[in-house]
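Since chain A is already given, all that's left is putting chain B on it; use the hints.
Sequence lines, in order, name chains A and B. Be aware that the first sequence starts at 415, since it is given in the working numbering, and climbs by one per residue. Be aware that the second sequence starts at 415, since it is given in the working numbering, and climbs by one per residue.
If a hint is listed, it holds; no wrong ones were tucked in.
Copies of the same chain look alike in the list, so a pair counts if it fits in one copy or across any two.
Below are the BS3-like pairs computed for lysine-lysine, each with C-alpha atoms no more than 30 Å apart in a straight line:
hint	residue 1	residue 2
1	K574	K553
2	K656	K577
3	K583	K609
4	K583	K656
5	K656	K609
6	K656	K554
7	K738	K609
8	K691	K577
Derived by calculation from the structure, the hints in this document are not laboratory data.
Number of protein chains: 2
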Amino acid sequence: MKIVQIGGAGHAFYAYNAIKSHAFDFAALSCGSHGIEAEGTNATLADLQRRGFSPKLYSDWREMIDSEKPDIVIVNPWFNDIADCAIYALDRNINVFCEKPLAHDLEKLTELEAAIANSRGKLAGMLETRYEPTFTAAKKLIGEGMIGEIRLMDSRKSYKLGKRPDFYKSRDTYCGIIPWVAIHAIDWMMWLSGKRYTSVTAAHSSRANFGNGTMDITSAALYTMTDNVIATVTADMLRPSKATTHGDDRVRVVGTEGILEITDGALTLLSDNSGGKVVVPNEPARDIFEDFLNVIDGGESDLTAESAIEATRWALKARDYADKANLEVNV
Amino acid sequence: MKIVQIGGAGHAFYAYNAIKSHAFDFAALSCGSHGIEAEGTNATLADLQRRGFSPKLYSDWREMIDSEKPDIVIVNPWFNDIADCAIYALDRNINVFCEKPLAHDLEKLTELEAAIANSRGKLAGMLETRYEPTFTAAKKLIGEGMIGEIRLMDSRKSYKLGKRPDFYKSRDTYCGIIPWVAIHAIDWMMWLSGKRYTSVTAAHSSRANFGNGTMDITSAALYTMTDNVIATVTADMLRPSKATTHGDDRVRVVGTEGILEITDGALTLLSDNSGGKVVVPNEPARDIFEDFLNVIDGGESDLTAESAIEATRWALKARDYADKANLEVNV
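Excised from the complex, chain A in its bound form:
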C-alpha cells in the first residue's frame, strides 16, 4: 500500500502503528491549502521522520495526489479544508482515512456524500474512541442485552485548553467545539445504541475563552433518537492543566435492565442481575487503521462512511442550532 498525508492538524497518528507494522510505503506529505509555513508542515515532517518514515514533501496537495497516485490518503489538514481534500481523492477512486468532521458545513457534507457514492475508494472517519478497551467492552455488554432496552445516554468530553494553534481562533478555519470535540460522543452514542438521531438542540459559548478569538470553549447538545431515546453531550476545553489526563471522556447508558458508565478509563455496570455495581473487565484495544484496511479489503466492520457522515451531520446541525440560538438571545 502506498500512503500519503495531507496536513498535520489532527489525528493522522492513528494510522502510523499499522503503517509501520505492515511496512507500507509512506510516500509523501503535503500541507493543506494554507501553505507549509502557516501550517507548520516542516514540524509534521520532522515528526514523521522521527517515527522512521521518509515522505517526500509537497507544497500542493493536489499535485501530490496526482503525482503519487497513492492507495490511501490520510486527510488531516485544517478542519475546514477536510471535505475538499477528501472529495478530490474520492473522485480519483483513492481510499481516504479522514479527520472529522468530514465537512465544515451541511452543504459541503452533501457534496462529500455524492463523492463517496460515486467512488470506488472507501472512506473512514477518525472517530477512534470506539476502539478503546472500555468502549469495546461496553458495546459487547449492550449486545449481550445486559442493560435491556437503551432509553437515555449522557456523555462528556472535557479537554485541556493548552495553547491552541491560531487557526482555532476563527470560524473561517475552525469548525467549532461541537463538530471538533463533541462529535466523538455523537458518534459513540449512535454506535453503542444502534439508534439514529431524529432531532437536536444545542448551545455553545466563546465567553472567557482565554483570548482565543471566536473559538467556543463550552457546549451542550440534546438529541432525540429513534425509539424515543434521549441523548446529551457536554463538551468543554476548561479541564485544568494539572488534571492527570488530557481528556475526561465519559458516557452513561441507561437501559431498562441496567446502567453502564465509562469514567476514568473504567467501565461499570449497575444492574439487579449483576447484584449492584460491578467493574466490567476491559476488552483488548483495537486499531482503527487496521480496521480501515479490513474495510478496504471488503471486510465487515462498523467503520462505515455512513456512520462518519451521520456523526458529522448531527454535529453540524447542533452547531448551527447553537449559532442561531445565540443570535436570537443576542438580538
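Frame of chain A; chain B shown alone:
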C-alpha cells in the same frame, strides 16, 4: 407555632425534626382534593402518630385551614393540587411550606405569584438538596472564587422506580418527571451559580415505563443562563433496585479556574490551585424547615419564594417544550 398539613404525597417530613425540637403544635392533617381513601391519608396519620404527633384529621383542607387558623400550612397533596392549596393559605396570610413544583402549569403559577405578592404569609419550596453537606460545601467553595467564573454545569437525577402510587400514571394528577424530579437540579444550578435561566429545550419519554400509564420515565433539559452559562440535567427513574442508594444526585460545575463535582455524596475540586483533584470536606447538614422559620422571622436566607417560583417556571417550560416536541416528532 401552630402547624397543619395537607396530604401525604411528597416530602412533608422535611419539617418534622424542627417541629419536634421546637415542640410546636402539629394541630391537624387533611387529605388534598381527592379524599382520605384515595390519598391514603389514614396511613399518613398513622405515620405522624408514630412520630409522636397527634393531629386532628380533616376530610376538607379548606375547612381545616378555616377552623384551625394555623401559622404554617405544610402543602403536600397530589402534585397538581399544590398551587390551589398554597393560594388558599396565602390569601389568609398563612405561611406555606410548599412541595414542588409550586404549580402544575404556567397559568396556575402566575396566579400563585400574585397570591404571594399580596400576602403577609411567606412561602418556601421543598427544594431541599441545597441543604445537604456536599451542596453546602460546593456553594461555599464557589463563593470563595475557587473555580473562577462558572461557564458550564451538568446535573443528574436518577431514582429507583419502585412501586409508584396510581396518581403518577396520569398527567391529570402527575406533573411529569421534569417538574417532579429534575426540578431539584434546576434549582440547585441556579442557586450554586447565581445565574438566571434564559432559555430551555427538553425531551422526555414514557416509553418502557413498566406499566405506569403516561408517566414519563426519562428526560433531559438543556438551559442557557445569563452570561452565556450552559446547563443540562438528565432525570430518570431507571436506577436498579439493588443500587446502594435510592437516588443518584450528581452535579458538575465547570469554571474558568476549576471544576467541582458532587458524586456519591462526596464533593471534589479539580483545579491547578488545588494541585489536581482533591476531596473537599463536607459542611454540616442544614435543616430546611429551620431556615423557613428564620425566613418567617424576617431573617436573611436564600430560601426565597422567588427562587422556588423560578425553579418551577423553568421546570414547567422544559416539560411543555418536551410535550410539544414529542407531538411534532409523532406527527
